[in-house]
Structure formats: structure tokens, C-alpha cells
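2 protein chains.
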Amino acid sequence: MPNHRAAALDFLNAQEHVALERLTQLCSIPSVSTDPDHAADMLKAADWIADQFKYIGLDHIQVFPTQRHPIVFGQYCADSIDAPTVLIYGHYDVQPAAPLELWHSDPFTPEIREDRLYARGASDMKGQVVAAIQAVEAVLKTNPLPVNIKFIIEGEEEIGSPSMPQFLREQKQILSSDVCLNPDAGMVSPTTPTISYGLRGLAYFELYVYGPDHDLHSGMFGGVVHNPAHALAELIAGMHDDQQRITLPGFYDSVRTLTPDEHHEFSRLPVSRESYLRQTGAPELWGESDFLPQERVGVRPTLDVNGMISGFTGAGSKTIIPSQAMAKISMRLVPDQQPAEVAQQLRQYLEERAPKTIRWELKDMQGAPASIADRNHPAAQALAKAMEQVWNVPPIYKREGGSIPVVGAMQDILGVESVLTGFGLPDDNIHSPNEKLHLPTWYSGMKALVHFFYNLVEA
Amino acid sequence: MPNHRAAALDFLNAQEHVALERLTQLCSIPSVSTDPDHAADMLKAADWIADQFKYIGLDHIQVFPTQRHPIVFGQYCADSIDAPTVLIYGHYDVQPAAPLELWHSDPFTPEIREDRLYARGASDMKGQVVAAIQAVEAVLKTNPLPVNIKFIIEGEEEIGSPSMPQFLREQKQILSSDVCLNPDAGMVSPTTPTISYGLRGLAYFELYVYGPDHDLHSGMFGGVVHNPAHALAELIAGMHDDQQRITLPGFYDSVRTLTPDEHHEFSRLPVSRESYLRQTGAPELWGESDFLPQERVGVRPTLDVNGMISGFTGAGSKTIIPSQAMAKISMRLVPDQQPAEVAQQLRQYLEERAPKTIRWELKDMQGAPASIADRNHPAAQALAKAMEQVWNVPPIYKREGGSIPVVGAMQDILGVESVLTGFGLPDDNIHSPNEKLHLPTWYSGMKALVHFFYNLVEA
Numbered sequence: 012m013p014n015h016r017a018a019a020l021d022f023l024n025a026q027e028h029v030a031l032e033r034l035t036q037l038c039s040i041p042s043v044s045t046d047p048d049h050a051a052d053m054l055k056a057a058d059w060i061a062d063q064f065k066y067i068g069l070d071h072i073q074v075f076p077t078q079r080h081p082i083v084f085g086q087y088c089a090d091s092i093d094a095p096t097v098l099i100y101g102h103y104d105v106q107p108a109a110p111l112e113l114w115h116s117d118p119f120t121p122e123i124r125e126d127r128l129y130a131r132g133a134s135d136m137k138g139q140v141v142a143a144i145q146a147v148e149a150v151l152k153t154n155p156l157p158v159n160i161k162f163i164i165e166g167e168e169e170i171g172s173p174s175m176p177q178f179l180r181e182q183k184q185i186l187s188s189d190v191c192l193n194p195d196a197g198m199v200s201p202t203t204p205t206i207s208y209g210l211r212g213l214a215y216f217e218l219y220v221y222g223p224d225h226d227l228h229s230g231m232f233g234g235v236v237h238n239p240a241h242a243l244a245e246l247i248a249g250m251h252d253d254q255q256r257i258t259l260p261g262f263y264d265s266v267r268t269l270t271p272d273e274h275h276e277f278s279r280l281p282v283s284r285e286s287y288l289r290q291t292g293a294p295e296l297w298g299e300s301d302f303l304p305q306e307r308v309g310v311r312p313t314l315d316v317n318g319m320i321s322g323f324t325g326a327g328s329k330t331i332i333p334s335q336a337m338a339k340i341s342m343r344l345v346p347d348q349q350p351a352e353v354a355q356q357l358r359q360y361l362e363e364r365a366p367k368t369i370r371w372e373l374k375d376m377q378g379a380p381a382s383i384a385d386r387n388h389p390a391a392q393a394l395a396k397a398m399e400q401v402w403n404v405p406p407i408y409k410r411e412g413g414s415i416p417v418v419g420a421m422q423d424i425l426g427v428e429s430v431l432t433g434f435g436l437p438d439d440n441i442h443s444p445n446e447k448l449h450l451p452t453w454y455s456g457m458k459a460l461v462h463f464f465y466n467l468v469e470a
Numbered sequence: 012m013p014n015h016r017a018a019a020l021d022f023l024n025a026q027e028h029v030a031l032e033r034l035t036q037l038c039s040i041p042s043v044s045t046d047p048d049h050a051a052d053m054l055k056a057a058d059w060i061a062d063q064f065k066y067i068g069l070d071h072i073q074v075f076p077t078q079r080h081p082i083v084f085g086q087y088c089a090d091s092i093d094a095p096t097v098l099i100y101g102h103y104d105v106q107p108a109a110p111l112e113l114w115h116s117d118p119f120t121p122e123i124r125e126d127r128l129y130a131r132g133a134s135d136m137k138g139q140v141v142a143a144i145q146a147v148e149a150v151l152k153t154n155p156l157p158v159n160i161k162f163i164i165e166g167e168e169e170i171g172s173p174s175m176p177q178f179l180r181e182q183k184q185i186l187s188s189d190v191c192l193n194p195d196a197g198m199v200s201p202t203t204p205t206i207s208y209g210l211r212g213l214a215y216f217e218l219y220v221y222g223p224d225h226d227l228h229s230g231m232f233g234g235v236v237h238n239p240a241h242a243l244a245e246l247i248a249g250m251h252d253d254q255q256r257i258t259l260p261g262f263y264d265s266v267r268t269l270t271p272d273e274h275h276e277f278s279r280l281p282v283s284r285e286s287y288l289r290q291t292g293a294p295e296l297w298g299e300s301d302f303l304p305q306e307r308v309g310v311r312p313t314l315d316v317n318g319m320i321s322g323f324t325g326a327g328s329k330t331i332i333p334s335q336a337m338a339k340i341s342m343r344l345v346p347d348q349q350p351a352e353v354a355q356q357l358r359q360y361l362e363e364r365a366p367k368t369i370r371w372e373l374k375d376m377q378g379a380p381a382s383i384a385d386r387n388h389p390a391a392q393a394l395a396k397a398m399e400q401v402w403n404v405p406p407i408y409k410r411e412g413g414s415i416p417v418v419g420a421m422q423d424i425l426g427v428e429s430v431l432t433g434f435g436l437p438d439d440n441i442h443s444p445n446e447k448l449h450l451p452t453w454y455s456g457m458k459a460l461v462h463f464f465y466n467l468v469e470a
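Chains A and B are the protein sequences, given in the same order. If you're matching positions, the first sequence starts at 12 in the working numbering and goes up one per residue. If you're matching positions, the second sequence starts at 12 in the working numbering and goes up one per residue.
To be clear, the hints were calculated from the coordinates, so they are not data collected in a lab. Treat the hints with care, as some may be off.
[Stated by the list, open to error] Calculated pairs, DMTMM-like style, for lysine to aspartate or glutamate (alpha carbon to alpha carbon, straight line, at most 20 Å):
no., chain 1, residue 1, chain 2, residue 2
1, B, K396, B, D117
2, B, K152, B, D62
3, A, K367, B, E299
4, B, K367, A, E285
5, A, K367, B, E295
6, B, K367, A, D375
7, B, K396, B, E469
[As the list claims (entries may be wrong)] From the structure, some residues in chain A lie toward chain B, with a derived Cβ separation under 8 Å:
no., residue
8, Y66
9, Q106
10, D226
11, G233
12, H237
13, H251
14, Y287
15, P304
16, F323
17, I332
18, A365
19, I369
20, R370
21, L373
22, G412
By construction, the Cβ of each residue, glycine as well, lies at the ideal position given by its N, Cα and C atoms.
Chain A with its partners taken away, still in its complex shape:
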């Protein structure tokens, strides 16, 4: 059906303005899942997606309520009995936009500058969701394709997909599929199509350190009580040794050793000290010196303070010993680390290191293990071919530093493998101010998805 494929691609090209309009509409909804104040925006975004599903011709459209934010479902059933079924995963929630003062345009008023669209969620992952909608629409509105398509678009990915496991269990029947297409990963460069086959897990905590029962005058009590900000600093500083290794007891015990083959593959990735310095603006790189930078984000676990606060942080000077200090601490996990395991290691570290001069409390926020997908899955091969058809080079395979808990959940609960890809770029500033999406790459990505669907059914 080459003419069918061509027709779908023509339709896609003719619809670029619609794609942009849809992306603008979706990015205008501040669907910040972690912030209770945005609960109404979450519903608005979910309904908007359900409307698009209806418009492009899906049926059995449902907005499933959860404990927090709804999951949107829609499907297309092919006529033929033996049509393969592709489950397309996405999320409509985004990270908070703070700090607002660093944005050059309003995070929820999408603005195009040069060939990029700037908005929170443009790249992670509203752009990817719209790309999938465009590709499916192009296929459905031109010629019927012997592929069943199911969408689930959730609203809790940025908070660890807490509702997803129960949803997958409850809706196992309607979600049964041959493969999951998950475009929540990204490309390493605009000219390098990328398929991700590994994801790091995540464990997120809040650590509270309590000292005196109220803020104290630092002149009257400086020197007699342990300052909680110092105690927290000491605990954080001790979490890495001078080799930048994490010191939690047993932290690396279950971490797989890197094989020579993997090392060889990592060394071929088109990244370098210079490219990392350019993307981050950091004065120098940091981390375990016996691993390549791309290995440190790919196959090594990491620990980061995501936020830290204590005492008086306003303008001017206040001479106090703060009564408490807090840090948000998260770890990126690799096979075969378990969130519960590292949580216990962190507790043990605190029990061993925390002095009697302070009290501490550790709050477990979220956790998901790492996952590795099958690179040789037929769908992965169909996608690889599709990417080469668009970019004229075969995709590279990488392990993602980020975490997508749903991938593991789908393996465990649905028994469905995920094919991880996406059309965002490393400098898209996702989770950061001035998040952006490179539109030419985005349009190419839609084409690749159309090819992907046809490659699934054409030898």
C-alpha cells in the first residue's frame, strides 16, 4: 500500500498548522500535577485530549477518574482479525514552572521564537502527545490500516504515576496490546534519531532536620546548640565521597557492572565533555571519573538535592539559628536497584550519621525501579526502519537517564514491552525555565510515526 502511505504523509504535511494550533492549545493549560491548586486545569487538559480523540475518529473514548488526576483512553479497531495492537502511552501533566522570573515568556502562553515553541510541557511531553495524535489522524483519515490503536494519556507522570499500576490491573482487558509506543524519551541530536531501551528508576524523599523548638537569637545561643542548617549540610555533604561515589551503605551492591560491549556502545554516542558543558553551562563536569559522562547518566545511579531550605531567606540580614532545615533528595536508580531498598539504605545512613544534637524525619515521596526494554522487538525494528526512512540514518540506541515508571508497570502488569522514543532534544530545557520544542524535528517525528504504523504491517 505505498500509495496509502504516501497519502497519509501528504495529509500529515497539509495539517502542520493544525498540529501547531493543537500544541498551542494544550500548552496553554497549566496542568501541573504536583500542585493541588491546578486540579481544575488537570481536568481541563484531560477533557481537551478526549475531544481530540473524538475529532480524529477514535471510539470507546473514556476519561477514567483516579485518586488524583484522570487517565484518558481512546481506541481505533481495525477490521482485520489479526491486526496487531499498538498501545500509545503519553502524559498531559507537566512539571511546575517555577522559578518564573527566569522565563523569557509566560510558561503557559506558548510563544514561537525562531523555529522553536517555548512553553512548559512543549517537549515533555505535550508535543509528543500531539505528534502521536497527528500521525494517527493522518493514517485514519486517509485509508483504513490493519492496526489496532489504543491511547492512554495519564496526568500523573511527573509525580511518579502513582495511579497507573491499579489502573493497568483494573483495565487489563481493554488495554491488552502487542506493544506500547512510548514517545516520552528523546533524541540525542536533531540529526540522530534515537531509540531508548533503558530507563533509570526514581526514589524521592524529603529530609527534615529539627533542632531548637523555635528560631533562636544567634548571639544568645550561637555556640551552644547545633544549627539544623549545619546538620543538614553535614548529612548532605556526607552522601558523596571525594570520588563522587554515593556513600549510602550497600548502595552499589545490586548495581549491574557495565559490560565491554555496553561501554563500547556508550563511547559511540555523539556526546562529549564539551556538549555537556554547552548544554548545562556548568564550569566543569563532575561525577565518577571511571565512567564516561553518558555512562554516569545512563547506567550509574545518582543522588541529587532537588531543593533545600532553612531559616531566613528574604532580603537583608536576620541573625537567627533556624529551628529546622529541609532538603528534597531524589535518586536515579539503575537495574537491579529497588526504591524500597535505597530508602532503607538512606535511613540506615541517617541512623548512623545523624548526631544526637538534632532530630530528623525522612518522608518517602515516590519510587519506581529502573527498566530495560527489548531492542529486538518487531515494533522496535519497525520504528528503527521508520526513523531511517525520515532521517536517512539508522537510529542509535541509548539508555535514558530519566525515569518513566509506567514502562516497568506495563511489563509487570500487562506483559507489554515498550518501544521508547520521542522527538525532544537534550537542550529543550525540560523541567527547567524556558522549556522549548524544536518544530522541524517535531514534524519529522510525526512522519516517522506514520512510517512506523505502515512498517508494522508491511514486510
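Using the hints provided, position chain B relative to the given structure of chain A.
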């Protein structure tokens, strides 16, 4: 003139309700000197004091403008040529009230619970200023006293009295005095009148640590860039060794050694591990183990983080590597440390310890050296006698952990010694939520001041 003294004391007693009304009015003005938003309140407080000066019968009343907040002056000139002159110092500015949520009543709506008045500034030091006004009024409105009295009440003490040196130089003539009464210190207990003869100095800084030029996705970049929150934590943790000694190079070089006599005197202070634990609510004491707690706040220099912030501190989880981290760091100095000297030591520490993986910036906020007053000054003896006349025990002499830069400035510029006292208590929560003033002790303090004036001229 014993009947004169008695008349003044009777007048004072009859005016207690006026004293309370004045304190309530002054504490209702949110005169937070460090916050530009309160500039108008600062003027309001200064004018209110000038009005009281007029009412109690002072003349030459002036509100001197400064770079930031005005200084209020007023005086009483005795008839006799050889009358001694007492300069009464005070400040009408207060520390910020934050964190507001920890206050049980509005910090600027004074509320009496049991025998205490709760309000920001009630103890530090609006209550002390009103006490001095009450005592002077009682003396002036009963019988003329052969003592010249001059008041200067400034509005920048809580930000380090930056305008005071220039003011003292410019107004040297009108400020010429025999002694300065400074009631900005406090008592160690309600039954222990206290004269402070030493004050610690202060050096205040903001330390900024910069890493990547924007917040980064901790999954994409965790493990390759140095997290500024970690780097700041490492720098703060390194500022104390495991003996709780400060590690800045040369920090203790100019610190005077404690003499056996001083140690003996400190050991007689009515304070203990238990009293410090009770006042602070800390789980355990902390600090240099080879010094008594009261020595650590009295004669030893200390370093405290007063505030610290980095990254995402809102509700929920955000998985970023923050682009920067900041800490407010202040040191309490003792003789013979100089603020410029410790600032240099901190810079050297940072130059030696800060890694190349981050950038840092140190902002010098304020500084004042420590000072020691003459305990044998005739005015100090007059005050000691006055206190014994009220509390029936002689005062104890202590060195204050806090800092009152103006004391040193008066010694250097005016050549005037200060007698340091005050009627606040260690558990007044000054600089903390729920600051309060113990009213019975406050009324006793006013009486002591009346005795003080009479003791100055009566053998």
C-alpha cells in the same frame, strides 16, 4: 533628696498604665529596618518617639535623617553647671517577624497573656526604650535633678547600625556625655539583675554557589554536573571540624585566651546545660567541649548559617538539579577579632575549598568588632547599687553573646563608655516568633533606672 527619690518612684508607680499604653502603641508599628517595604513605618516610629520626648519635657528634639532610617534625639539640661551627663541609647527598629505562621498572636498587635506582653520588639528593645522614657519622665515631672540627660534612639540596630558612626562624628558636640546608658542587653533571670560588660561583634555574609546556568533535569544530567546545593552543603559542613571548632584559616589567632578568673566568674552564672536545653528545646547541647556553654556564647567566636535556600522548595516533588544555592552566614566575634579579618579568612577558606565544578560569590553584608565596657565606671557602680535597691541582690556581671556595634563606635568616636543593662529575659524569644516581655520585671527595671539617676548625684 530621699523624698525626691520617693516622689519620683511614686509617680512611676502611678503611671504603669501609661507605660503599658506607650509600649502597646510603639509595638503596633511594624518598624522592620531590614525590609524596604517598611520605610514608612520606620518614620512613623521615629515621629512617635519624638512626640513622647516632647510630652515628658525634653527639648532640642530632632529627628536626624540618615541614608536609611532616622535617629531621634532629645535632651534635658539641668540647671547646675557640674551636672553629669547621661546619654541614653536605644533603637526603635525590630527584626523581621517571619515565620508568621509560628506566632500565636499577630506580631504587631500586642497581646497580654498572663503577665507577659507578646509582640515583635516588646523585649528587643521597644520595652527598654519605653522603660527609659518612663523613668526620665518620673524624674523630670517630680523634682528637677542635677543630671543632664540625652537620648539617641536609632532605627538601624538590627541591620548593624550602619549610619551610627557618621552620625556620632557629625554630632559629636551635642552628644558629648560622661557615660552612655545602653539598656539593649538583658537579665539572666527575673531575680538576677545583670550588667553586661562585654559584647560579641558581628560579621554577616551571603554566600552564593552557582553551577549550571539553568535548572537541569536530574535524570538527564544527574551524575555529570556538580549540584550547587551539594557544593554549598560541602562548604558549610567544612566550616566546623569534628570538635565543633571553626576551620577558617587563622580564625582563632587573635582570640584572647580565657583567664582563670574569667572562667571562675562564668562558672558562677546561674545557667546550666538544663537551663539551655529548657530555653532552646534542643535535643542536646553542642559546641566546643573544652568551654562552658556560657563561655561559648560569651567569649568564644561562633559561626552560624542564618538562612539557606536552593532549588524547588514548594509542595510535591520536582526532579531538578538547581542552578544555584545561597546561604546567609554570620559570625559572632570576640576581642580582638576584626570583621574585615574574618571576611578575609572566609574568602581564603572558599578559595582553598571551593571546587572548580562550581562558581561562588561572597557578599559582605555588615560587620562590627566586639567590645568590652569598664565595669568600674562610676555610672556602672550607680547602676549596680540601683539594681540591688530594687532586687535586693547585687547584679551579676556577664559578657553578652549578642552584638551592639554602637558600643564600640561610642568608645572610639565619642570616647564615651557604655553601661550595658536591660530588663529582658533569656526566654523572651527575641529575634524569634512569639517575642514577649515579662511585665513585672519591666516595671522593676523602671524603678532601677530612677534609682540609677539619683545614685549618680547622691553619695
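Answer holds if the nearest beta-carbon of chain B is closer than 8 Å to that of Q106/A; otherwise answer violated.
holds, 6 Å
Just to be careful: measuring from the Cβ of H237/A to every Cβ in chain B, is the smallest value less than 8 Å?
holds, 4 Å
How about A365/A: closest beta carbon in chain B under 8 Å, or not?
violated, 11 Å
Holds or violated: K367/B and D375/A, Cα atoms, limit 20 Å.
violated, 33 Å
Less than 8 Å between beta-carbons is the criterion; does I369/A satisfy it with respect to chain B?
holds, 6 Å
Restraint satisfaction for Y287/A [CB to CB of chain B, less than 8 Å]:
holds, 5 Å
Hint L373/A vs chain B: min CB-CB distance below 8 Å?
violated, 14 Å
Double-check G233/A for me: the hint is only fine if its C-beta lies closer than 8 Å to a C-beta in chain B.
holds, 4 Å
Taking only the CA atoms, is the gap from K367/B to E285/A under or equal to 20 Å?
holds, 16 Å
Any CB of chain B closer than 8 Å to the CB of I332/A?
holds, 6 Å
Has the given pair, K367/A with E295/B, been kept, meaning a C-alpha gap of at most 20 Å?
Judged against 20 Å, a Cα distance of about 7 Å means the pair holds.
Classify the hint on R370/A as holds or violated, based on whether any CB of chain B lies nearer than 8 Å to its CB.
It holds, given that the least Cβ distance between R370/A and chain B is near 6 Å, below 8 Å.
Going down the numbered hints, you'll see the structure goes against 1, 6, 8, 18, 21, while the others check out.
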